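A.B. asks: Each chain is listed here by its residues.
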Amino acid sequence: MLEERTRIDKAASVGNYLSLYFGQDQGVRLGESTVVSRKGHARMPEKRVKGQIKILLNRDAGKSYLDYVEADQVVHIDIYHRPGIIDPRMVAQAIFNAMDEYFLDKDPQLKYAEDERFKMVADYANKIYVVSKQGKGTIYDLFQGIVKPYTEGEEGWDHLHILARLNRDEYYMVYIIAEAAEGVILASGVKLSRVRNIIHGNQKQEQDSYAGYIKLPWKNFKGHHAQQLPDKENVNQLILKLAEKFGGVDEIEEFMESYSTNVFKRKGIEQQKKKWGDVEHDLEQLEELGLIKNTPFGKIMSKKGLELKEYVIKHKCELETEIRRNIRKTPSGGSSRFRKMGEITNKNSEVEFTNHNKTINDPDKNWSGDLAVPETILQAMKNSFFRGDDSLTIKKEDLHFYDKKSYVPIDVCLLMDASGSMAGDKRQAACFLAEHMLLTGKEKVAVVTFQERSSEVVVPFTRNQSVLNKGLATITPAGLTPMADGIVTAVNLIKESKVRNPLLVMITDGIPNTSLWTTDAKADAMEAAYRIPENDIRFICIGVESNRYYLEKLVERAKGALYLVDDLNKDNLINIIHNEKKTILDSKRQMA
Amino acid sequence: MIPFYKLQRYEGNAALFELVMMSIVSSYVGEPLHLHAEGLRGTGKTTIMRAAKGILPNITRIKGCIYNCDPEDPHCPHHKGMTEEEINRIGVEEIPMPFLEISHSAKVGTVVGSIDLAKLTDPARPEASMLPGLIPQAHRGILFVDEINRLADTSPEITDILLDVMGNKPGHIQIEEAGLPVVDIPVNVSIWAASNPDEDPGPLEEIRRQLSDRFDMVCYMGRPDSVDILAQMLEENSHRHKIKRNQEKRSQAENEAKDNEYRQKVIKWANTYNNTDLPDFLRNFIARLYIKHNIESIRAIEAMQQGAVLHSVISNRDKVMINDVTSMIPLVLKHRIDGDTLIRMVNDVESRGAREGILNFRGKKNKEKESEPEYFQHNARSLKDMSRNELVNTEKDLTPGEY
Ligand SMILES: [Zn+2]
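Heads up: the sequence lines are chains A and B, in that order.
So for the first sequence, the working numbering puts the first residue at 3; every next one is plus one.
So for the second sequence, the working numbering puts the first residue at 3; every next one is plus one.
No lab work stands behind these hints, which were simulated from the structure alone.
Among the clues, some could well be false.
[Unchecked claim] Below, computed lysine-lysine pairings styled on DSSO-like, alpha-carbon distance capped at 27 Å:
#1 A/360 / B/82
#2 B/121 / A/397
#3 A/384 / B/267
#4 B/82 / B/65
[Claimed, not checked] Stretch by stretch, here's where chain B covers chain A in the computed footprint (C-beta under 8 Å, at least three residues):
#5 9–20
#6 181–191
#7 194–200
#8 395–407
[Said to hold, decoys possible] Where chain A lies over chain B, by a calculated footprint (3+ residues, C-beta under 8 Å):
#9 117–130
#10 148–159
#11 198–206
#12 227–240
#13 337–351
#14 381–393
Quantities reported herein were computed from a predicted structural model and do not represent experimental measurements.
Every residue gets a Cβ at the ideal spot worked out from N, C-alpha and C, and that includes glycine.
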């Protein structure tokens, strides 16, 4: 009786705590081997401290594992254990029985209502899903021996992965489930792993530990053969890796200067993070490569680090070329995820030009355009010969004209949210997009930012790369989101500039919170959005799912389209722009 | 033009000098090797390639055959199927191995072939016949394309033709002209191309991936970075202008002698090449690289094999060594795989010296995983054994001191 009581008490207490912490968007360690939250969980192999589990705040468990549309519906219970054989059917049985027992303990009256009790348990059994390396399924299915096979690489190889659809007032059930599952693990002769601690954070794109495979020269310099190529390739690859993170050669230098002995050039870690995001991973890599070392005065560049800096300065030209080559690359479409809402119906003007590489000889067509004289004479001579003419004659069938090509120039103005939340990776991705567009297109690019209480033309419409880069370098995200101001500034810039088929691309991870005309920031941005179609500007907004409701209304007002992404990364951004440009070209083709 | 031997060699262009020699040797024996030199202005890529024209050996063709018919194996519409006797009656002649050039504004007719205007307008006996374009005329030699990225951008038609020519070894080309029979002939041409990836319209692989992949080897050119080299380059340039006439004559004779030396070498190397094969163990090595690193392009490993043998030959060896293969890796793969994979591959090969058994590919990765210390300690207590206040632990509880 005492034991039963404690189980009920323990479950109730766990239920209370969970609803408290889940409400604060936190997860917890339950006991020593179990992590519970409504998010995804991951090991942190990049950290030297082992045994940590990260709770991924940007990955809702229901959405990512079960394709739920709404967030916070599913509790995620991971019970870590030493890899071993755990039969999911046993787990299902144990949980099933534990639930049954629990209901009975709590309400002994249920003893006489077996049907009702079974219905209660079966109800939960359909809402709880178990994965072990030996198979998976709902408790209900597993209980009846229906096991779906485990797929390699799925969650579950070093832990029991349990998902339970529970309401707030049902969180006590987590304890019942975890205790029963632990029992099965131990009964299977498998030890429970100890989760040392938990950490909350966002899931990052998988970071590449390049220190593991890049090998720098300046190390085993035994004067061996002249085969210097691999060394050079290695250094180049390292620079490309760093450029991906920091932006360009100048930024890499700026970053490395932060670890120089010159105190005036050193940038604090917070300042670095604002600009480049999480720099710790790269710091670790550089340390591992021996380029940065720990001293009593903090981290500084080692001798090898200084040599790398020298190398970068000496080979700036070639390195910048390689970096630009990378920026031009079109990401493969497969990895990107976005959703488009709304259609745009702007008319576009085209530019026609003569293609001197190709001539057209089509007697059936009345052609107006540039006559290709040499080709025409050649054709006439040949045909005169075949026609049996006495002398050279030029007939209509001999005429050659230069081919005409046309394209739809699209000058793009990026309207970039530079509020505090955009710091780091998102800022870098937006800057990368601007550079990519300039390098891969023939059209002009402009950048307008909004932050704090106002907005600014950071880069006017240009085709000049250094103008663009200088402008981008000044962007330091901070403060609030004055969206209305940003829209007005961008519209005015487009109005004042000589642009063709202007496309305004707003990139934001938020919604307006600083007003322009009234005291209502959101209403002001709505008002500003009217000006976009009034000026015949094509508009797209790239935003995140959580702000969908507001942004959808905004683009409707602006007669534009909304692209929703799960992450504002550069692949997503570039693919969206490619998609949008393709839509414009396709619509042109359809009209033709 | 500065003769080939006088061109400055330095780290950033050394590979191109080797590749050019390799491709000449290979073309001479009838096996094209397509090269693409990419680099900024001032890296001398076009200079080196054009200067190679001066050191090309002679080839023998049926006299006057504009298609460069090999007397042993005639292929053109005029001489195909002729008997030895018939060919002897026409006679043979020696000409320098062809080196022709197409510009990025070239037109299809010029490149492929068109009606022969001279014959058509012959007042005595006008005749409609085909004049082969630059590609068929470059048969058994080299065709140089400067600014190939611009060509690929502005002329998809010519790009398609190049794809056909480079598709197989030998490639083929079809010459069509209304009113004349279609000519479809094999062509054995090494395509040499140059481009600046940093100028409009950007790197070839972004414009026409397929064409970029057809190049057996790509050489990324580096700029000269030593003061000595630059000074010598400057000196050579100014020297040429100030030289006196009689000295020039003497130096011309000297240049001719040097060029001739190269020619003799090419002929000698071509002989060795014909008699050298890749040893089985190296062929297996290449095959394993292909599988281990998931390389998609078969063309790439074919080029690696061809390149390794050629590299050993121009290094005056008659045996191919592992270094001949490894030095080909970046040249053959840099334009075909991503930088990370390339580096892993280069370092993988580098890190094990020949002595450590370079050919041993047994999964290093698996071993690492096994020996990796375990992520968790397996000493957790079960929930059952815990009191109520031990059950729920937050990040703050578990990370003392940091808050
Ligand atoms: Zn012939």
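A.B. asks: Please go over all the hints and tell whether each is borne out by the structure.
C.D. replies: The hints, checked one at a time:
Under the criterion of a C-alpha separation no larger than 27 Å, the hint pairing residue 360 of chain A with residue 82 of chain B is inconsistent with the structure, at around 33 Å. Restraint check: the Cα-Cα separation between residue 121 of chain B and residue 397 of chain A comes to about 22 Å, which is no more than 27 Å; the hinted pair holds. Proximity of residue 384 of chain A to residue 267 of chain B is assessed by CA-CA distance (about 47 Å); at most 27 Å being required, the pair is judged violated. Simply put, residue 82 of chain B and residue 65 of chain B have alpha-carbon atoms about 14 Å apart, close enough for the 27 Å limit, and the pair holds.
For a cut-off of 8 Å, the count of residues in the stretch 9–20 of chain A with a CB near a CB of chain B stands at 6, and the three-residue condition holds. Here the stretch 181–191 of chain A counts 4 residues with a CB under 8 Å from a CB of chain B, which clears the bar of 3, and the coverage holds. Coverage of the stretch 194–200 of chain A by chain B holds [criterion: at least 3 residues with CB-CB distance below 8 Å; count 7]. By the rule of at least three residues with a Cβ nearer than 8 Å to a Cβ of chain B, the coverage given for the stretch 395–407 of chain A is violated, with 0 such residues.
With 6 residues having a Cβ less than 8 Å from any Cβ of chain A, the stretch 117–130 of chain B passes the three-residue criterion, so the hint holds. For a cut-off of 8 Å, the count of residues in the stretch 148–159 of chain B with a CB near a CB of chain A stands at 3, and the three-residue condition holds. Beta-carbon proximity to chain A at under 8 Å applies to 4 residues in the stretch 198–206 of chain B; the threshold of 3 is reached and the given coverage holds. For the stretch 227–240 of chain B, the stated coverage by chain A is violated: 1 residues have a C-beta nearer than 8 Å to a C-beta of that chain, whereas at least 3 were required.
Residues of the stretch 337–351 of chain B with a Cβ under 8 Å from some Cβ of chain A number 7, which satisfies the need for three, so the listed coverage holds. Only residues whose C-beta sits within less than 8 Å of a C-beta in chain A count toward coverage, and the stretch 381–393 of chain B has 10 of them, enough to reach three; the restraint holds.
The structure shown violates the earlier hints numbered 1, 3, 8, 12.
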